[in-house]
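Engineer: Quick mapping for you: the protein sequence lines, in order, are chains R and H. Residue numbers for the first sequence follow our numbering, beginning at 1 and rising by one. Residue numbers for the second sequence follow our numbering, beginning at 1 and rising by one.
Keep in mind that the hints were calculated from the coordinates and are not lab data. Everything numeric in this text was worked out from a predicted model, so none of it was measured. C-beta: ideal position from N, C-alpha, C; glycine also. Please note that the accuracy of each hint is not assured.
Unchecked claim - Pairs of lysine-lysine residues, derived as DSS-like cross-links and limited to a Cα-Cα distance of at most 25 Å, are as follows:
no.	chain 1	residue 1	chain 2	residue 2
1	R	K333	R	K322
2	R	K120	R	K241
3	H	K307	R	K241
4	H	K245	R	K243
5	R	K287	R	K73
6	R	K287	R	K314
Said to hold, decoys possible - Residues from chain R shown here face chain H by an in silico Cβ test under 7 Å; the list is partial:
no.	residue
7	V53
8	D64
9	V194
10	V199
11	A213
12	Q238
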Amino acid sequence: MKKSLKRMALALAVVLILSAGFACKSKEQGGNGETTGDKLKVALVLPGKKDDVSFNQAMFLALDSYAEANKDKIDLKVVENMYEVADIEPALIDFASQDYDVVFGHGFQFMEPIVKIAPKYENTMFLLGTGYKTVDNSAVYDVHLEAGGYLMGVVAGLATETNKVGVIGGADASETFRGHEGFKAGAKSVNPEVTIEEVYTGDWTDTVGAKEAAIGMYDAGVDVIWHSGDGIGLGVVQAAKEKDKICLGNVADQNTLAPDNVMTGIVYNWVTVIENIFNDINAGKFKGREESERFYWITIENGGIIYAPIIDPKGMLTEEDKAKIEEVYQGIKAGTVEMPEIDEPKN
Amino acid sequence: MWNEIFSLTFLTSLLAATIRLATPILYAALGQIFTQKAGILNLGVEGTMIVSAMAAFTVSYFSGSLWLGFISAIVVGVLWSSIMAWLSNTMNAVQVIAGIGLNILGAGVASYVYRIIFGVRTLPPQIDPFPVVELPLLSKIPVIGPVLFCNNVPTYIAFLLIPVSWFLMERTTFGLRVKMVGEHPRASDAKGIHVTLIRNIAVLIGGACAGAAGAYMSTAYMNLFTDNLVQGQGFMAVAVVIFSKFRPGWALVGSLVFGFSNALQMRLQAIGAGIPNQLLLMLPYIVTIFALISTSRKAEMPSAYTKPYVRMER
Chain R
1 MKKSLKRMAL ALAVVLILSA GFACKSKEQG GNGETTGDKL KVALVLPGKK DDVSFNQAMF
61 LALDSYAEAN KDKIDLKVVE NMYEVADIEP ALIDFASQDY DVVFGHGFQF MEPIVKIAPK
121 YENTMFLLGT GYKTVDNSAV YDVHLEAGGY LMGVVAGLAT ETNKVGVIGG ADASETFRGH
181 EGFKAGAKSV NPEVTIEEVY TGDWTDTVGA KEAAIGMYDA GVDVIWHSGD GIGLGVVQAA
241 KEKDKICLGN VADQNTLAPD NVMTGIVYNW VTVIENIFND INAGKFKGRE ESERFYWITI
301 ENGGIIYAPI IDPKGMLTEE DKAKIEEVYQ GIKAGTVEMP EIDEPKN
Chain H
1 MWNEIFSLTF LTSLLAATIR LATPILYAAL GQIFTQKAGI LNLGVEGTMI VSAMAAFTVS
61 YFSGSLWLGF ISAIVVGVLW SSIMAWLSNT MNAVQVIAGI GLNILGAGVA SYVYRIIFGV
121 RTLPPQIDPF PVVELPLLSK IPVIGPVLFC NNVPTYIAFL LIPVSWFLME RTTFGLRVKM
181 VGEHPRASDA KGIHVTLIRN IAVLIGGACA GAAGAYMSTA YMNLFTDNLV QGQGFMAVAV
241 VIFSKFRPGW ALVGSLVFGF SNALQMRLQA IGAGIPNQLL LMLPYIVTIF ALISTSRKAE
301 MPSAYTKPYV RMER
């Protein structure tokens, strides 16, 4: 018995060490480890993978290119797949206690951990990707997705031939919720008769669930769906391809995934926001601000949100429709389009 | 809302989705019937599925052959579960811990290998998944046709495996031996049955089926691989086995119950049933728990369930 116990322990140890090794390797990539001199030590903690063709990738590419352009000033480390709140807190503490100067928590689920940890590490500046709570040494960067959603709603409302459109998102929180409400308002604004179906898969990575939800909608007669990003987007695009219907993208132009089915989409551009953040940090203006000033937005107005070129494979849009879409876009930009009041659920 | 629910298109779409969502669970559950009946609780099904899903996608992507991908996934499933077989039958490890360890390892290995092979791309690599094959005549029957006879080949195979595994379990000496080593390994040993060998084979059968389930996810259900492609179907399969009391036919029922409730909650959300989406998302799991409560009290577990067999021990 003793011998078998020993062997068993050994076997388990091997498995655990292997899994720990693989887990670390798959999560921590990029960065040069050691920092040098007076470079800013910056960490980007992503809830998903940096190649998700969506929310995470947009931020990764923007910050990576900024760091590349400012090689002498910034040392960037990227961590992926920090999705669970239970993993996030220790990760943030880790970076803060390693004297990182700036830590980006790229997602709504980082809000509570940051608010909790930031006061204990005053020398580290924390940035939260979407959310509403801040402390002195933290700030929020966010997407004005209600405007983007509104624009997509206008596209869907104009394009639909069955008068049924759909929207699929991860969870009804923060920018996703605001985007969905904007989408509904936009669709109703150009097509008051339109029926809108809405599904939250409950999880931003649920590709399978999102595909199933999209198939359900298409079967029920919906002909245009907008998805609000992340892994679920891939599921919606695939459903559109199989059912040969139309979908609208989010975050990055997804037309190449299904050229006959992706009509257009919102494209985020984080570069301006990142520049603003680092300008404030370098000027020493990051801390000591009023709560209302701790926000960086990408909006249609500041060019942070644009829409991908309209490709109309099924001929569902007339020239007037396209002109109308551009008009709404310019209207939002000029502030002449009235945005709906959205009551974001806060708890 | 109600006339939408009771329309024929809604019903057809709902039932077709039920089959789609039930298939991976069915695959994995059929294999686990053998594994568990032999007395091994393998909680590493989820990990086996994710590794095989990655293997199926990668091989299909580079070879262009979906079937080669499917077979590789089965091979990888067998290889991966051989770790479990070694841990549980040779090392006599605590099966629950070994299974959970292999899940974590599987998730890590799958995303690590995928990243090494494909790197970081602006667009994820995709394949053309298994096409839908409409069976002649049968597919023209209203409702039943589009639900049962308009599926891809891996789905048909899953359904064919039900009678096959029933036959193997109930009508062959091998099936009898599997049950014996699960019930009374010592007596089986005295009878001259190689307990470790039979148990190993039972675990590998489970691995092969989990491999097919993984291949279904990445090359039949979806056309790509993501880290979160397998979301609990492996664990659901373990639950389905207990629900079914180790009977292949009932494993189908269990898988369908889960598939149905999952497909239903998506559609209720979409048509705006006025129920909070968080509650609807819980539906499949609530149904599963109730199904388990109602049946598993009477479930007769193998007497040597999760107990390692050591010849020299009393």
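Engineer: For K307 (chain H) and K241 (chain R), compute the direct alpha-carbon distance and say whether it is at most 25 Å.
Structural biologist: Distance of about 49 Å is beyond 25 Å: violated.
Engineer: K120 (chain R) and K241 (chain R) were given as a pair; does the straight-line alpha-carbon distance stay at or below 25 Å?
Structural biologist: Violated - the C-alpha atoms of K241 (chain R) and K120 (chain R) are around 49 Å apart, more than 25 Å.
Engineer: Are the Cα positions of K333 (chain R) and K322 (chain R) separated by 25 Å at most?
Structural biologist: Measuring from Cα to Cα gives roughly 17 Å; hence the hint holds.
Engineer: With 7 Å as the cut and Cβ atoms as the points, is V199 (chain R) at the interface with chain H?
Structural biologist: With a closest approach of 5 Å, the V199 (chain R) hint holds.
Engineer: Has the given pair, K287 (chain R) with K73 (chain R), been kept, meaning a C-alpha gap of at most 25 Å?
Structural biologist: The hint holds at about 20 Å.
Engineer: Do the numbers back the hint for D64 (chain R), that is, is its least Cβ distance to chain H under 7 Å?
Structural biologist: Violated: closest Cβ of chain H sits about 10 Å from D64 (chain R), beyond 7 Å.
Engineer: Holds or violated: is there a CB of chain H closer than 7 Å to the CB of V194 (chain R)?
Structural biologist: violated, 13 Å
Engineer: Take a quick look at whether K245 (chain H) and K243 (chain R) sit within 25 Å of each other, Cα to Cα.
Structural biologist: Outside the cut-off at roughly 38 Å; violated.
Engineer: Need the status of pair K287 (chain R), K314 (chain R): alpha-carbon distance at most 25 Å?
Structural biologist: violated, 52 Å
Engineer: Let's test the interface hint: is any C-beta of chain H closer than 7 Å to that of A213 (chain R)?
Structural biologist: holds, 5 Å
Engineer: Does the nearest C-beta of chain H fall within a distance shorter than 7 Å of the C-beta of Q238 (chain R)?
Structural biologist: holds, 6 Å
Engineer: Holds or violated: is the Cβ of V53 (chain R) closer than 7 Å to a Cβ in chain H?
Structural biologist: holds, 6 Å
Comparing the model with each earlier hint shows violations of hints 2, 3, 4, 6, 8 and 9; every other hint is respected.
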